[in-house]
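Participant: These protein sequence lines map, in sequence, to chains A and B. The first sequence begins at 1 in this note's numbering and counts up by one. The second sequence begins at 425 in this note's numbering and counts up by one.
No lab work stands behind these hints: they were computed from the structure. No experiment lies behind these values; they were computed from the predicted model shown. Think of the CB as a built atom: it goes at the ideal place given N, C-alpha and C, for glycine as much as any other residue. A couple of the hints might just be wrong.
Okay, the calculated bits of chain B under chain A, using three or more residues with CB under 8 Å as the criterion [said to hold, decoys possible]: (1) 524–533; (2) 586–593; (3) 723–735.
Derived DEER-like restraints, expressed as beta-carbon distance ranges [unchecked claim]: (4) 167/A to 628/B: 45 to 53 Å; (5) 74/A to 480/B: 44 to 52 Å; (6) 264/A to 587/B: 43 to 51 Å; (7) 187/A to 768/B: 38 to 46 Å; (8) 550/B to 55/A: 40 to 48 Å; (9) 43/A to 517/B: 34 to 42 Å; (10) 187/A to 539/B: 38 to 46 Å; (11) 187/A to 536/B: 19 to 27 Å; (12) 768/B to 55/A: 49 to 57 Å; (13) 722/B to 263/A: 25 to 33 Å.
Facing chain A, a subset of chain B residues (Cβ under 8 Å, in silico) [what the hints assert, rightly or not]: (14) 706; (15) 717; (16) 720; (17) 738; (18) 815; (19) 816.
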Amino acid sequence: MTGRFNILLTFVALCVSSVLFWILCLEKADSGPYLDSAHGNAAYGVNRSSTATIGYTKGHCGHCHEQHTSIGGSEPVPVTGYASPYMTFSDNFVSQSQNFCMDCHTGMGSVQISFDRINYNYSYWFGGDTANHTTPNNIYDAFNPVAGSAHNLQDILNFVKAKWPETFRNESNPCSACHNPHLSQRGYPVVRPTDRDNVWGDSPGEMMSDFAFARGGQYQAPFRYNSTTVYEPDGSATADGSNLPDYVTFCSDCHNATNVIYSSSLGRNLKQIDWTQQARTYGLVGDYHGAVTRCWGTDGMVDATCGTDPANWGSIKEPYLSANKPNYILSCTDCHEPHGSVHGIGSTEPYLLRKTVNGHYNRQCAGGPGNPCSWEQEFCRSCHVHNRHCGGAGACLNCHHHNSYARCFACTYCPAGGAHGHAF
Amino acid sequence: MNNEKFITFIEFTGFIALKKSGNSKSSIYSLNAFCCLLYALCFLLFAMPSEAKVTGACSDCHTMHNSQRGQAMARDYSSTDAGLVEDASPNPALLISSCIGCHFNSGTTTITANNTPVVLNAHDPGSSALAGGNFYYSSAGPGGAYDKGHNVKNISPQESSPMDAPPGFKAGVELPNGGTGPASWASQLTCAGTYGCHGNRGIADEVKSIFGAHHQNVDIDSSSDADKVYNSYRFLYGIKGAEDIDWEKTVSGIDHNGYQGDSLYGSMNTISYLCSECHGNYHANTNLGGSGSVGDGTPWLRHPADFAFNGVRGNNYAGSEYASYTTYNVIAPVAESSPTTSDSVVNSGSIVMCLSCHRAHASPYFKMLRWDYKAGSLGTALSGCMVCHTSKN
C-alpha cells in the first residue's frame, strides 16, 4: 500500500512540477535568438524615441529598421531623406564618428530614449573600477577618444570585407565584425566574424579556462579593482577563467599569426599574434602572455633555475605569484579595452590598453628610483615588479610587445653569442 | 435540374449498376441511395464556382427608374450614419448602390445570402473578415482609425497631408495592360478607377472602369489571361492569381487565395505590382521605384516585394533563415509564380509580397498589418515578422 502511495505521490509531484515549469517558462518558450538578445529584450531593448512615440514596444524591429523609410507618410527621426542599406534609419557606416550604431550608442543626441545600462568600458563593468572610469560612458566616446586609442572602424571594415567577402561588404557596419545586433547579449556581447549565427562565450568549451587548458596552460583571473579577494570579470572568487568568455579565440579570428592587418592609426601593419604557440623557438610568432611557457629557455630547453625561483618568473605580482601556475595564458581583455581607451591624465594610452589592470588604476605613480612614472611602466607594474630588469627604465614596450622574439626575454638568460628569445 | 430529371438520373445510375451486378431489388435501393449521395456531393463541390458570375434577379442590383411608388430605390452607404440611406439621385448603370453600398453589411456578416463579399461591416466582423480585411477598421465609425486601413472615399474622410496621397507615390507609372497611372494624386482613394484599385485604372470613372465585370466574372486561377477586368484577379485589372471561393472566410494553409508573385520583381501581373501602382517607390520593378529606391538585395534599401527566397544574398537559401519557413502560414502568406488556392508548401521559390504583411483593405492593426505590430508584448508585435525571419524567432 505504501509503495502504491509513493508511486501516486511521485506521479502527482511530477504533474505539479510540469505545470509549474510550463507556467514559469511560458515567456521563455516564446522567445528566440533575437528576443534573447540585448537589442531584442522586452525590458531594456532598442527603443528609439520617434518610434516609441508611435507605440512600438521595446525591442521592436521598427526601432532600427524602416521597412518603407516612412511611417504615416513621414520619415521618423532621424530624418535622412533617403532609404539606407539594410533599411536602417540612417547610413550603416560612414566614418569613425558617423555610424548607425552610434546614433543610439552615444552621449549627447542619442535617438534611444534611455539606456538601462550605461556603456562604460571594460575596466568599469568587468574590472570593477567604477571610481575611475565614469568616462567614457558611451560607445561613441570610446571610439572617439580625445586622447587615447581605439579600434579604427574603417580599418576593421577594410580587413573583414577582404577576409570574409561573403559576410562583410562595403555597406556593412564594422561593429558587426565583433557583434551581431540580432544575437549579442548583455552578458555575452561578442559573435565571431567566422561564426555569425552563434553567440560566443556562452557555451561549454568557449571559456578562457578551456582555451588555456587546451594549450597546456592555465588562466588566472586578475583582481577586481581595489580587491585582493575577488576577481574579474564578475567579482566572484572564481579565478580559473571558467566564467570568462574565451576572448583569445574570438580576437584571434583577426589578430593571429597569419593575418596582415593594416592600422591607419599606427601607419603600419599590426604585429602578428599567436596565442596558441607553445614553442619558444626563435622566429616563431608566439608570446609569453600566451601559450609560451615561462620557464622554457632559449631553443626550447627547460630552464631549471627559472622553475625553482619565482623571482625569475617575470617578477610577477599577486594573484599570479601565489597561484604559482607554470604557464599563465592571459585573456586579451586582461590588458586591452575592446573599443578604445582614454588616458586619465591627458596623455595618450596607446594600443587600447586598459587604464585599470589587475585591480590597479595606473594613473598613480609610485615614484622614486626606478619609477620614473612613465605610463608604460605604470601599466606593466600592475602585474610585474620592476626590480630585476637588467636594462634601463625606458619605455617597456620598446622591447616587450607582441611577438617580440628579437630580444632577450631576460638578460640573465641570454647566452653569450647573442641567441635570442621571446621578450613578451 | 428539376425533380423529374433527378429521379430519372437516379434510376439510370441504379440500372447500370444492377445490370453489372445482377443483384436483388434491395441492392438497387442501396445503390440508388449511394448515387444520391454521390450526386449531392458533386452538386455541392461543383456548383459554387458557377456563382462567381452575378446571378439572381436584376432588381437585386439595378433599379430602372430609382422610383417605386414614389420612393427612391437607391440606397447608398453613409459614413455619417454608418449605414445605408435612401439615395434620391440615380446611380450610373442603373445601380441601386455604389460599390460600398452593395458590399456593405449592417451586421457582422461578411458573405451575404446572394454570395456578395462584404468589405465593410457596421460592426466588427472579427475572424469572419475576408482576405482583404474589412473597412470597418478604417471607417469613420466608432471602430475605425485612419492608420488601420486604406481611407476610401465615402467610408472615411480624406486624411490630411502627407497621408492625402499614397506613401511612396510615384507619378505616371506604367499599368499592366497599357496606360499610365495618374501624374499626381488629386483625389481621395476610391474603390475603382484611376484613383482606386479595382477595374481599369486607365478609366477615371469608378463604374465605367469596372463596367460589365460582375456579369462576366469567372473564378480564375493563375492561368487566366488577366487581359480583361472580369478575368483579372478580383477585378484588379491585369493582375493574376487564384481566387479562393469564399474570399478566405474559411482559411488555412491549404485553403486560401493564391497570390501571383515574381521571383525577381520583373512582372507587371503580380499582386505587389498592383499595390505599387500607387506605392511605386516601394517596389523594385524598373517601372516603379526600381533598385535606386528599393535596392536589389545587395542590400535592400526598403523591404522587398516580388522577390523569391532563393534570391537571398549569396544564393545560400538552404543556409538562410527563410529555409525554416516551410508551411504556408496565413499570418504571413507568400506569393508564387504559379499560385493555387491550396499551396501548402513554402520553399525557395516562394515570394515575399506586400500582402505578406498587409491586408488590402483594412485590419484591426496598425498600418493594416496582419498582426498586432504595436502590441505591448514584443513576441506578439514581431510574430508576423518571424514567420519569414525565422532566425529572429
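Participant: Taking the hints in turn, state whether each one holds.
Facilitator: Evaluation of the provided hints:
no.	hint	in the structure
1	524–533	violated (count 0)
2	586–593	holds (count 5)
3	723–735	holds (count 5)
4	167/A to 628/B: 45 to 53 Å	holds (52 Å)
5	74/A to 480/B: 44 to 52 Å	holds (47 Å)
6	264/A to 587/B: 43 to 51 Å	holds (47 Å)
7	187/A to 768/B: 38 to 46 Å	holds (41 Å)
8	550/B to 55/A: 40 to 48 Å	violated (22 Å)
9	43/A to 517/B: 34 to 42 Å	violated (59 Å)
10	187/A to 539/B: 38 to 46 Å	violated (59 Å)
11	187/A to 536/B: 19 to 27 Å	violated (58 Å)
12	768/B to 55/A: 49 to 57 Å	violated (35 Å)
13	722/B to 263/A: 25 to 33 Å	holds (29 Å)
14	706	holds (5 Å)
15	717	holds (7 Å)
16	720	violated (11 Å)
17	738	holds (6 Å)
18	815	holds (6 Å)
19	816	holds (4 Å)
Going down the numbered hints, you'll see the structure goes against 1, 8, 9, 10, 11, 12, 16, while the others check out.
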